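Start from chain P and add chain Z according to the hints.
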Amino acid sequence: MNFRRIAAVTLTGALALAFGSPRPAAADGAASTRNILFGAAAVGGTLLILNHNKKVHQKYAEYDQRQAQTQAEANQAEAAYQSERRAYAHEAALVSDYEKEAAYQHRQVVAKDREIASLEHSLVVAKAAAARAGRSTTFAQRAVVRTAGRAAQPALAVASPELVSYGWGTY
Amino acid sequence: MTAKNASLAAALLATLLGGCSAQRGAAPGQLAEQITRAVYADDLDATIANFDDATKKTVTRSELGELSDRMHALGDLKSLAPRSADPDSGKYEFDATFSNGSMLVQLRLDPSGKVGAYRVVPEKTAAPAAAGAAG
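So the protein sequences, as listed, match chains P and Z. Reminder that position 46 of the first sequence reads as 46 in the working numbering, one-by-one numbering, no gaps. Reminder that position 117 of the second sequence reads as 1117 in the working numbering, one-by-one numbering, no gaps.
Here chain P stands alone, though its shape is the one from the complex:
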């Protein structure tokens, strides 16, 4: 700002010297040369001020651009942080669901294991009983008798509670 003020004072002084004190046009060469020099100095000062102003505006523009960019980056970082936070919250909820599901499946597996163990025990007992009796488990079983139907209808198979069939394979 000081440079600007000095330049303005210099320019004002130069103009005052050039035009402020009107003098009769001198016909001599020295006065003409002096007038030309004062005019050139005035033009040069004006250009200097304009160039300075232009640089100042350029600096402010760059500064504003940097500020805007910094602000944008900050906003972007904030938005990214919020997005990450939301994603983390979702993942945490998902993990919680997975944990619940895994716990449920674990309980199911334990229950099934117990059921299988019980069935295996029953099978072992049945096989042992059959071995003691010296026969396979299917040799004697409840008879399935096919009742004679009409010709147009297929015969029905019914299990007869009082009849026992002997043999091999399942009819």
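Simulated from the structure, these hints should not be mistaken for laboratory data. Predicted model only: the values in this text are computed from it and were never measured. Among the clues, some could well be false.
Stated by the list, open to error - Once the Cα atoms are required to be at most 30 angstroms apart in a straight line, the calculated DSSO-like pairs of lysine-lysine come out as: (1) Z:LYS1078 <-> Z:LYS1114; (2) Z:LYS1056 <-> Z:LYS1114; (3) Z:LYS1114 <-> Z:LYS1057; (4) P:LYS112 <-> P:LYS100; (5) Z:LYS1056 <-> P:LYS127; (6) P:LYS127 <-> Z:LYS1114; (7) Z:LYS1056 <-> Z:LYS1078; (8) P:LYS112 <-> P:LYS127; (9) Z:LYS1078 <-> P:LYS127.
Leaving out everything else, chain Z in the frame of chain P:
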């Protein structure tokens, strides 16, 4: 020439029919009678000759002896007559007539023609009638 063609066609037809018959295996009635007579005779090899592999493994000598004894308790084996048939499921039933009673014979054939199940059901109601007829 025509006679030669006719004989060739007849030979071809006979071959085709023979092949089809071999693929189907023995008739259910024949199988049931053969197995029933083998069980009655307590002949293990003949009993399981037409069984499929899985069913063969389930047959034991003691079971065969027990079933043979049950048949002998009804007297001599006279005949086997078809009672019902369901070729779609491969299930056939026969009445086995003994001198002092009868049994229901059940046969299930696999699609391959092998026997997947052979069972007999002693018919309690038939025994007194047969016994009365005999006495």
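Quick rundown of the hints versus the structure:
1. Z:LYS1078 <-> Z:LYS1114: Roughly 25 angstroms between the alpha carbons, so the hint for LYS1078 (chain Z) and LYS1114 (chain Z) holds.
2. Z:LYS1056 <-> Z:LYS1114: holds, 11 angstroms
3. Z:LYS1114 <-> Z:LYS1057: Holds, because 14 angstroms separates the two Cα atoms, which is no more than 30 angstroms.
4. P:LYS112 <-> P:LYS100: holds, 18 angstroms
5. Z:LYS1056 <-> P:LYS127: Roughly 18 angstroms between the alpha carbons, so the hint for LYS1056 (chain Z) and LYS127 (chain P) holds.
6. P:LYS127 <-> Z:LYS1114: With a Cα-Cα distance of about 27 angstroms, the restraint between LYS127 (chain P) and LYS1114 (chain Z) holds, given a limit of 30 angstroms.
7. Z:LYS1056 <-> Z:LYS1078: holds, 26 angstroms
8. P:LYS112 <-> P:LYS127: Distance ~22 angstroms between LYS112 (chain P) and LYS127 (chain P) Cα, so the pair holds.
9. Z:LYS1078 <-> P:LYS127: violated, 37 angstroms
The structure fails hint 9 only (numbered hints given earlier).
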